[in-house]
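S.K.: Residue numbers (our numbering), protein chains in the order written: chain W, 1 to 322; chain F, 1001 to 1518; chain E, 2001 to 2337.
No wet-lab data here; the hints were simulated from the structure. Misleading hints may appear alongside valid ones.
Pair by pair, the computed Cβ-Cβ distance ranges are [to be verified]:
#	chain 1	residue 1	chain 2	residue 2	range
1	E	GLU2237	F	SER1211	50 to 60 Å
2	W	GLU291	E	ALA2285	36 to 46 Å
3	F	ARG1446	E	GLU2237	14 to 24 Å
4	W	SER4	E	SER2039	47 to 57 Å
5	W	SER321	E	HIS2306	30 to 40 Å
Taking lysine-lysine and the DSS-like style, the derived pairs with C-alpha atoms no more than 30 Å apart in a straight line are [claimed, not checked]:
#	chain 1	residue 1	chain 2	residue 2
6	W	LYS134	E	LYS2119
7	F	LYS1251	E	LYS2003
8	E	LYS2003	E	LYS2290
9	E	LYS2233	E	LYS2332
Okay, the calculated bits of chain W under chain E, using three or more residues with CB under 8 Å as the criterion [unchecked claim]:
#	stretch
10	146-160
11	297-303
12	307-321
All residues carry an ideal CB built from backbone N, CA and C; glycine is no exception.
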Amino acid sequence: MQISREQMLRAYRQMVTIREFEERIHVDIQRGGIAGFTHLYAGQEAVAVGVCEHLTEKDKIISTHRGHGHCIAKGCDVIGMMKEIYGRQDGLCKGKGGSMHIADLDKGMLGANGIVGGGPPIAVGAAITAKVLKTGGVAVSFSGDGASNQGTVFEAMNMAVVLKVPKIFVLENNGYSEHTGFSYAVGGRDMVRRTEGFGMPVFQADGYDFFSVYEAMRQATELSRNGGGPCAVYAECTRFFGHFEGDPQLYRAKDEVARLRAENDSLKIFRQRVTETGLLPGSDLDQVESEVRELIDRAVREAVAAPAPTEADVLTDVYISY
Amino acid sequence: MNAITPIIMPKWGLEMSEGTISNWHVVEGQSLSRGMEIVDIETAKIVNTLESDLEGTVRRLVAPVGQTLPVGALIAIVADAGVTDADIDRFIRGDIAAPQAEPARVDTRSQEVAEPVAVSDPDLERRNETVSATPIARRIANRHGVDLSRLTGTGRNGRINQEDVEAYLANHPASAPVNTAPAIIDNRSIHATSRAIRLANRLGIDLSRLSGTGRNGRVNVDNVERHAAASGLAPAPAAAPTPPAGPAARKLAADLGIPLSSVTPTGPKGHATKEDVRNAAASPPPAPAPTAASDLIPHSAMRRAIATALTAAKRDVPHFYLTADILMDDLLGLRGQLNAMAGPKISVNDFIVRAAALALGDVPDVNVQFTDEGMRRFTQANIAIAVAIEGGLVTPVLRDAGGKPLRTIAAEAVGLAARARDRRLTQQDLSDGSFAISNLGMFGIRHFQAIIAPPQAAILAVGATRREAQEASDGGVRFRSVMSVTLSCDHRAIDGAVGARFLAALRQHLEQPLGLLS
Amino acid sequence: MPKISMRQAINDALHLEMERDPRVIVLGEDVSGGAGGTSGEREAAGGVFGLTKGLLPRFGEDRVIDTPISESCIVGAANGAALTGLRPVAEIMFADFVGVCLDQLLNQAAKFRYMFGGKARTPLVIRMTCGGGMNAAAQHSQTIYPMLTGIPGLKVVVPSNAYDAKGLLLTAIRDDDPVIFFEHKSLYMDECEVPDGDYTIPFGEAAMVREGEHVTVVALARMVPLAIGVVDKLAAEGISCDLIDPRTTSPLDEETILESVRATGRLVVVDESPPRCSVAADIAAMVAEKAFHHLKAPIIQVTAPHTPVPFARELEAAYLPSPEKIEAAIRKVLGSR
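Excised from the complex, chain W in its bound form:
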């Protein structure tokens, strides 16, 4: 595995940005500044960033209702995202989508998606485009253990194999389908063998370790970009927050989150790896963290100050022409 110092610093910045973004939203929601349903990604940063570090704008991703991390990792503007979550007129989606529907098509981000299992079929289409127009791109769908029980995901896996399109299924097993545990809801308890059953290779990674995910995704893109058809990347990870903001998480043992934050924090693991091996000095990482905090502060300040959409905005953007 080859990875430059700049790449590592950028990856760390992305992971920290996701973490700070989510921690801040968690607080701001409790303060009453943000409306609606919000699902936080904190804890799974290594997966989003490890995957997206292999992608460029010609590559497309489609995300889930827990999508902030994927958006940031794919390069969406953080301030625009914050404004969107605050429901502002100049948000990334003009305040019409909100947390669950952030998209930036110019960045190859085909949208967070509020329907569990809604994304993978769409990513198959993006992969068809890559194949027909010979863009050299790949299409990536993120889906979790919850979506692994949706027929749409099975349909998408099968069709991607049948059509031999450049499509990578990133399977994030964070242990919970909303409020129900993986061991209960996923029959057979083996998402890897299920996926392999459709006839595609699965590259497994440690979802807390950026470098592990990065390596699995390297193999995946190498295969799919070069005409090898679809494949999957499987990573077990965890979420530090509930299914949605306000979730009392009664399904979790009292000390589970505290233990995970102590032992399975991808940022801490990253810092430990790069500083112990002397790849990056700790001061560089400190510098990144303070810059990110400043960025998030600014994002919130601007979002709070930004204008709300008007009544007339309700009627626009339904059709291109009608």
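Using the hints provided, position chains F and E relative to the given structure of chain W.
M.R.: Okay, now just chains F and E, sitting in the frame of chain W:
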């Protein structure tokens, strides 16, 4: 301005020399607006309505109803309030010249307000239906009264297409209803709603001059109505404007037998309320009160003329009727052969016109007009042919049908019918008929009795040709094509035996049709 | 002009547009058929009704895509392809199967543009066969366009003849919004004159199929030819009708319908769908709201009953609106004052 404007007896057509005042629509003291009907004037053949082209007050009706006056004669005076009665008296005596060199321009409704879209001619449309043509080509042909059988198609398998019809129209401008107000307006290519196009065509509005406010800039009815209002064109209201009304008011009106058009609305946005309906019910109804289930449509001038003439004819002319059956097999066969050749198509009616003309030559006592002064005998057979047109019928005359070959008759008949539909018949076209034919065969009528149009003394009513079983000479049964005709005779001019001889001659000509070709 | 069937017209439109625009792809179950079969015949079907015949040999497997039986993924893939630069024409074999892929229409295609703040462009056509008349029973005969008409973000096309079908399909493929294109299976063999070349028919502009004065009749899809027969028959009696075929139910040409009703004062709406929340009910409500004072009689809707589509010949015949029912409705609307 103390202007005195005379209204004079108009001249309708080259042949009109005098006219009779048949009905004044205005009274003295009434103010006149443009387009208002002034007077019905009856000529030798038609009754027409004179409409005003000026505004002012009717001060004097000079000509009483029933008076016959030459063209150009003074019939009424329009003048401002500042003009004294003495001034008007002097003007009538000829002491004062009219301050306007030109007499008031008057227009007849039949000339100016003709439908800008072609009147429908079911006969032509039925014939055109049998010709191979595209739907659009057929529609244009029907609209412009073009007989498609006269065209050669350039489309697939010789089918007539739009281009063919348009080319024909370009070379035969007479086919187009040129007298219809603002020429031919083709609004079909305009992006407009169907109803907007229909309204514009009715009002003679060129839609290409309007900008639409509907979907994607489409012109809608509202746009046309606004344009019409701005251009001073009334959007052709129904007989009387019907105010909008809610269901309760509507039901009350129906229950009371009050037409909504007679209700003066006082409700919001011009709606008629139940109260308005009750008020209308309390006030004396306009005579004649139509029933709740009917509309009152004012008579057109043509309708009036038909009513007057036919009532008089049926009342004053002693009719008797003779019916005969004619075998048509040979004639139909001959017609089929003729029409298989190039040239204008010949209709069954053309054969009948020709046969009747020859029969009139055989029995000249039928070829007469009955007048008070004496019997007017004709040396030529001038056959009046009844043509159904929008709102009534006319009977243009095909002159000297006995002296013309079949194909000439066919061509002239088509031309007369087309001019009739376009309302471009002249007095000349309508006069001097010595015999009339009315054919309702195309409607499947078996036989009927027609009313004579004086001074003509006879009319032949032609029914449909039907297949009928007849006993053959060998005792078996044969099916023959049989057509029944009924001759209505004016007994003042024609006696029974004379009429019967005429029918016998007619039958002979039709059953031995080769003679019609000479 | 040649006379061709609606099936041929749709097939022609697909050929024309795939030829013209390399971004157009076709995908669906058995759009060519035969792949993986034992005969080796690669174009074994060309669509179950033959609508996509000839496309595979002409345009190849990359652009004519036989899919597994996976409606959600067919529509989902069309969505993704449209979002990323292609102009997919997906086929759902029977409109009834929207039941298994509704999410991709209702929550995805229809909403991308709005949810994403106007940045998404989803030039997508989903063709689907609909309608009764073939005794195909409850799960293969429905006309579900009312349901999809009610979804903001979708456009819905319901052609009634070959000419319209071709022009509307070309418009649909060139349209940048998601379009649902309903093909009534009982109209596939109906022929009319259709130009060879390229022409488009704008959405939201109804066809005035017949012009008249006494009654406005609005009919959709297969109900249009049925209504034409009735209207022409009544014309011989002197009853003349405006017969309006909206052609698209979303957008709906309200203007043409309202202008007509304002002139005639009477409305009969004919639709093959069940009555509740239907296009017929929608049009009736719209007219009642916007032209109430012009109505001379209550609006009459001629629809299927509130039941599934039955199987047996006699049952299906009783279920579908018929010329007799349409005629009775027109006479009734004229009789009440």
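S.K.: Each hint: holds or not?
M.R.: Okay, the hints, checked on the actual structure:
1. E:GLU2237 <-> F:SER1211: 50 to 60 Å: The hint (50 to 60 Å, Cβ to Cβ) is violated, given that GLU2237 of chain E and SER1211 of chain F are roughly 40 Å apart.
2. W:GLU291 <-> E:ALA2285: 36 to 46 Å: About 58 Å separates the Cβ atoms of GLU291 of chain W and ALA2285 of chain E, which means 36 to 46 Å is violated.
3. F:ARG1446 <-> E:GLU2237: 14 to 24 Å: holds, 21 Å
4. W:SER4 <-> E:SER2039: 47 to 57 Å: holds, 55 Å
5. W:SER321 <-> E:HIS2306: 30 to 40 Å: holds, 35 Å
6. W:LYS134 <-> E:LYS2119: Holds, because 24 Å separates the two Cα atoms, which is no more than 30 Å.
7. F:LYS1251 <-> E:LYS2003: Violated. LYS1251 of chain F to LYS2003 of chain E sits at ~50 Å, over the 30 Å cutoff.
8. E:LYS2003 <-> E:LYS2290: Violated, at about 39 Å.
9. E:LYS2233 <-> E:LYS2332: This hinted pair holds, its Cα atoms lying about 16 Å apart.
10. 146-160: Three-residue rule met by the stretch 146-160 of chain W, so holds; n is 6.
11. 297-303: violated (count 0)
12. 307-321: Answer holds; 6 residues pass the 8 Å Cβ test.
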